[in-house]
Amino acid sequence: MANVAVPSGKTVPLRIPVREIVPWAVFAAVLGLALLYFVGAEQGATSIISGSTVHEFVHDGRHLLGFPCH
Amino acid sequence: MMRTLLIRGMLVGLAAAALAYVVAWFLGEPQVALAISFEEAKAAATGEVHEHEVFSRTVQETFGLITALVVYGVAFGGLFSIAFAFAHGRIGDFRPRTTAALVALVGFAVIYVVPFLKYPPNPPAVGSEDTIGSRTTLYVTLILLSLLTTAVALYAGRRLAPRLGGWNAALAAVGVFAVIIGIIYAVMPEVNEVPGDFSATVLWRFRLASLAIQLTVWGTLGLLFGGLTDRVLGRRAGVPTAVSV
Chain X
2 MANVAVPSGK
12 TVPLRIPVRE
22 IVPWAVFAAV
32 LGLALLYFVG
42 AEQGATSIIS
52 GSTVHEFVHD
62 GRHLLGFPCH
Chain V
154 MMRTLLIRGM
164 LVGLAAAALA
174 YVVAWFLGEP
184 QVALAISFEE
194 AKAAATGEVH
204 EHEVFSRTVQ
214 ETFGLITALV
224 VYGVAFGGLF
234 SIAFAFAHGR
244 IGDFRPRTTA
254 ALVALVGFAV
264 IYVVPFLKYP
274 PNPPAVGSED
284 TIGSRTTLYV
294 TLILLSLLTT
304 AVALYAGRRL
314 APRLGGWNAA
324 LAAVGVFAVI
334 IGIIYAVMPE
344 VNEVPGDFSA
354 TVLWRFRLAS
364 LAIQLTVWGT
374 LGLLFGGLTD
384 RVLGRRAGVP
394 TAVSV
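In the order they appear, the protein sequences are chains X and V.
Yeah, the first sequence ends on 71 if you go by our numbering, and it's all consecutive.
Yeah, the second sequence ends on 398 if you go by our numbering, and it's all consecutive.
Isolated chain V (complex conformation) (with noise of 0.2 Å):
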């Protein structure tokens, strides 16, 4: 059982991988030229010699681009369907779609949104290559932090569902979250580094594309295996210790 899970998770991924390309391709990597011609283009005003580059742009946005999106599709796709076999049955009496989706849902709060709305996405030419480890630190802090955070709310909703029922228990764990990760935003530094001369369109384009791209890795993730294990653990509903294999 678990096996199948796992495996179509990561094949999941791999269709999910291939849908943000599509998107990426069309909303994220025109954003992606526009930005290096300004980052090119001001490195020719300050006369700076341009780097060897190590791989053409034709392949960035091509191979380098599929190869990050399916390594990326792959590894949450077996992270989801992980996640997807501990809430099944645990959170609630949902079909294991519902369970899907709402798994999807609350990872791509937890893992992207959240992260997002604090230090969201910089396109090339923003952000300081001596920066990039502090940067990095507190990327992957907020991501642990809010995963952190929503076991909390978990549990508080777990202990809160048998008095409040489940939709008022969902909620309280919704507010338990939402505070928590406000106290979260306020006590963590700010970090800026957008150039005063870079175009305001780019950047929210930039940063539009980057939400529409994981929007489209954890919708297919949340839909498609919902759709593909309902078809086989939903049958199976209402047998309650009938687990083989």
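So that you can see chain X by itself, here it is in the shape it has in the complex (with noise of 0.2 Å):
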């Protein structure tokens, strides 16, 4: 504990450098936002898979999470 880089002798929190969080950020991303369009999009407003499987499934889930639908 040589050369410690705080001045006072106060504890500081451990922080996360950003070069190491941003992969992983951009993989959470990507992968949450795929997801929450699946819950709360997905046969509503646009639609990827034709039908209303996936609207019929999560309805309940879409309208208690507050999404718009019907």
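Some hints could be false.
Unchecked claim - Estimated spans, in silico, between C-beta atoms of each pair:
#	chain 1	residue 1	chain 2	residue 2	range
1	X	Ser53	V	Val347	19 to 27 Å
2	X	Ala30	V	Leu167	16 to 24 Å
3	X	Ala35	V	Thr354	35 to 43 Å
4	V	Leu324	X	Ser53	45 to 53 Å
5	X	Phe28	V	Gly319	31 to 39 Å
6	X	Pro18	V	Ala186	45 to 53 Å
7	X	Leu34	V	Leu361	25 to 33 Å
8	X	Val27	V	Pro348	41 to 49 Å
9	X	Tyr38	V	Glu346	44 to 52 Å
10	X	Val27	V	Arg243	16 to 24 Å
Since the hints were made in silico from the structure, they are not lab data.
Don't be surprised by glycine CBs; every beta carbon is placed ideally from N, CA and C.
Two chains, two frames, a set of hints: combine them into the complex.
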């Protein structure tokens, strides 16, 4: 502990370096947005898969989680 | 480190979904059922032919709802852990569980409460199929604007912190956020498609149920993730550069 960067004796919370977070952030964002799209909007506002199977299956969740529906 | 946090976030999201299902079952589903019977009574009165059901109500209120909540919980659990990683040690000298609770509070307010107040959730039988496109666009736009406003408020708070101190800078940031959101509310178009004869009680209880479900999700994310991370990260606080894997 000879060259501690902090001048006072106060403890500083551990910071996770941004460069370590970024790749995981990209991964979580892509995965998360794809998942949320299927719960929130697929076969409602827009459709990738035809029909209404996805919409009908997640129907109650879509309403109760607050997404616009019908 | 980051890998562990992300996996933990997604698992906590799973737990959040389980708790949210209990809340949804007792508070939400009764109101959904009442709204559907209103819809059916109306369809019967106008002599409308009943649509063929893809899934039974039983499937919708069990597997369907559970799937939706799990997907939502895991997605936001992962995103929450990322937000936590960025926030920890950068928004103030807080221990992990405090950072996690603050991030969850902000996430709940920014992603759910802000859009909720302008475009509240509606039960079945409320909302026209013809406007689903524009309503979804407005809803998503408001969430994105809310996130953008948060970034502006955070920036303002960080700039003001050295002069005002942490607490007052945070209050100023909340003030900046409220003013910008107020302007956005005023500018964005209103949506109201509630039929005149729809039960006000059902509508109110449905919206409260939705709020309770989201509060459960975000509350679990913040408190459970915080508690678990505090035990691991908390002990290592005070070692500024000791980041391994």
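These are the hints, each one checked on the structure:
For X:Ser53 paired with V:Val347, a C-beta distance near 23 Å keeps the hint of 19 to 27 Å intact. In this structure the supplied range 16 to 24 Å holds for X:Ala30 paired with V:Leu167, their Cβ-Cβ distance being about 19 Å. Under the hint 35 to 43 Å, the C-beta atoms of X:Ala35 and V:Thr354, about 37 Å apart, fit the expected range. Look at V:Leu324 against X:Ser53: about 47 Å separates their beta carbons, and that is inside 45 to 53 Å.
A beta carbon spacing of about 32 Å between X:Phe28 and V:Gly319 agrees with the range 31 to 39 Å that was offered as a hint. Roughly 51 Å separates the CB atoms of X:Pro18 and V:Ala186, a value that falls within the hinted 45 to 53 Å. For X:Leu34 paired with V:Leu361, a C-beta distance near 28 Å keeps the hint of 25 to 33 Å intact. Checked against the hint of 41 to 49 Å, the C-beta distance between X:Val27 and V:Pro348 comes to roughly 44 Å, which is consistent with it.
Taking the beta carbon of each, X:Tyr38 and V:Glu346 are about 23 Å apart, not inside 44 to 52 Å as hinted. A hinted range of 16 to 24 Å for the beta carbons of X:Val27 and V:Arg243 is consistent with their spacing of about 19 Å.
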